[in-house]
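Fit chain B to the known structure of chain A by using the hints.
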Amino acid sequence: MTVTNMADGRDSQRAGTGQPPAIALRGISKSFGSVQAVQGIDLDVAPGEIVAFLGPNGAGKTSTIDIILGLSHPHAGTVAVYGMPPRHAISRGLVSAVMQTGGLLKDLTVRETAQYTASLFVRATPVEDALARAGIADIGDRLVGKCSGGEQQRLRFAMALLPDPELLILDEPTTGLDVEGRRGFWAAIRQDAGQGRTVLFATHYLEEADAYADRIILLRHGRIVADGTSAEVKAMAAGRTVRATLPGADPAELSRLPGADSVEMRGDSVLIHSTDSDAVARYLLTSTQARDLEINTRGLEDAFIALTSDDSENPAGGSR
Amino acid sequence: MTTQSVPAPALTRDAPALGGFNLTVLRLEVRRLLRNRRTVIFALIFPVVFFLAFGLNKAYASDRYGHGNVSAFVMISMALYGAVLATTSGGAMVSIERAAGWSRQLRLTPLSPVAYIVIKMLTAMTLGLASVVVVFAVGGLTGKPSMPMYLWIVSAASVWIGSLVFAAFGLFMGYLLPTENVMQFLGLGLALLAFAGGLFIPLSQFPHVLQDIAEYTPLYGLNQLVHAPLHGVGVQPAWVANAVAWLVIFAGGAVWRFRKDTARV
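Sequences listed follow chains A and B, in order.
FYI, in the working numbering the residues of the first sequence are 1 to 320.
FYI, in the working numbering the residues of the second sequence are 1 to 265.
Derived from the structure by calculation, the hints contain no laboratory data.
Restraint-style ranges between C-beta atoms, simulated for each label pair:
1. Ser148/A <-> Ile153/B: 45 to 53 Å
2. Asp107/A <-> Met149/B: 35 to 43 Å
3. Asn57/B <-> Lys146/A: 39 to 47 Å
4. Ala157/B <-> Gly176/A: 50 to 58 Å
5. Ala137/A <-> Ala17/B: 27 to 35 Å
Computed from the model, here is a short list of chain B residues facing chain A with C-beta under 10 Å:
6. Ala15
7. Ala17
8. Gly19
9. Phe21
10. Asn22
11. Val25
12. Leu33
13. Arg35
14. Ala99
15. Ser103
16. Leu108
17. Ser112
If you're wondering where the values come from, they're calculated on a predicted model, not measured in any experiment.
Note that CB positions come from ideal geometry on N, CA and C, so glycine has one too.
Next up, chain A with everything else stripped away, as it sits in the complex (with noise of 0.2 Å):
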């Protein structure tokens, strides 16, 4: 299995429907002075899909994502947002963003802030509307210089929903709220994905890519190290084990199954490493006497540690 694989089946799922991509990466590289930022990246992310940029700090998220905005240049590679340069998108409120920190004015409330970027769109959503989807509705009359980091952060939420976006794009958009806004924001979120919108966005919560995408990118050192669904990573960097009762196995026999790393017996108990459990599974079920069959996956923090970590040169299932 390899990224590209999983990719193209992608591509060819979509290419039916003849709607372009929501984004579609080729080959993109950007530096800054002697620092690689981003080193060759190529993505495709279909219409209503939920995807989760995941790495360490200086990984590329922000980088990648600043590109996909049309906010910096690559310096090799194409941009397709919908099939048009960043810009095109934006201007036709068909993506909008949540980014990190910054980009409020103070002495506007928190109602003219809204007011003001619903403005410049052709089409808005009702600035009542995403303040109470956003769960700011009574805070409205706010100067934002008041309000609190949440509150912004909530504001910021509510700006990007004004245009009603196809794509929606989150760069660490729970960094700085407390556990309860952060299951608000999210709860948000999810009820919008639920409409067909397509998000990306990135974090270092791991359990917020777990939870909230339905497919995880792995970034490291500006490349994708890995990408698939939740378990797909998880099984990537780590394999799954299977544990089985099997009395009388043959340890030699069993380590000589595809993708099996490490044999261990325990009594009448066999435990099975594997990068392709469910090849050992079909053996084990349907060739030996095995029952009470177990298959266990690792967290995904192991396989973001894995991954992640820079001692891990050539990570399980390849990149690209």
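For chain B alone, kept in the frame of chain A given last:
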């Protein structure tokens, strides 16, 4: 996939006309500018106070000057000072907005950079108009300034139009100086320019060397031009040249910094 039944979104949406320019934004910008206490004091209160202090002096206020009196002359000077402070403040708002990341936020909306600049200019000019109107209204209420009705209108209009030069100045400085306190510097700078331009004290009271230098400063030409109708003398080409040259310098500088800024973001 449920999205297959959704029509291609790109086909159903348009970009706004005029790069996103609209009157709601202009209204919010003016309201915001008036919410800034320092700006209001600078642009609307200072010039009125100065007029009350210098324009009503019994020693000279009623002396004839051109088609009117000295009080009218001082009123025009103070209106110009107020309008220049107002338009500079309005233009310099871009400095605060860049520092706050608002300019970057606007890049996530359909607002085009040119429409943004037009909004800033119009906001500045609106505050400039308010400043002129307030000074002339207070002048009228005191009953001291005297000149024919048409000169009230012509003088006010020329002050307002002339202050466009300083809206460009404010923008230039706003892009040049990356500080939230830009108006603290500019307020002082404008006071010096107002002295050099002869707004507070007649230039004839300066030493000759200073007079020669003063004729090249940005408020000199404007100050002469806006008083010309009252004075009843012909417009000298040097005044127009001064005003136009500074407009070109300020607008050119603003465009230069603005281009750099949009390329960077």
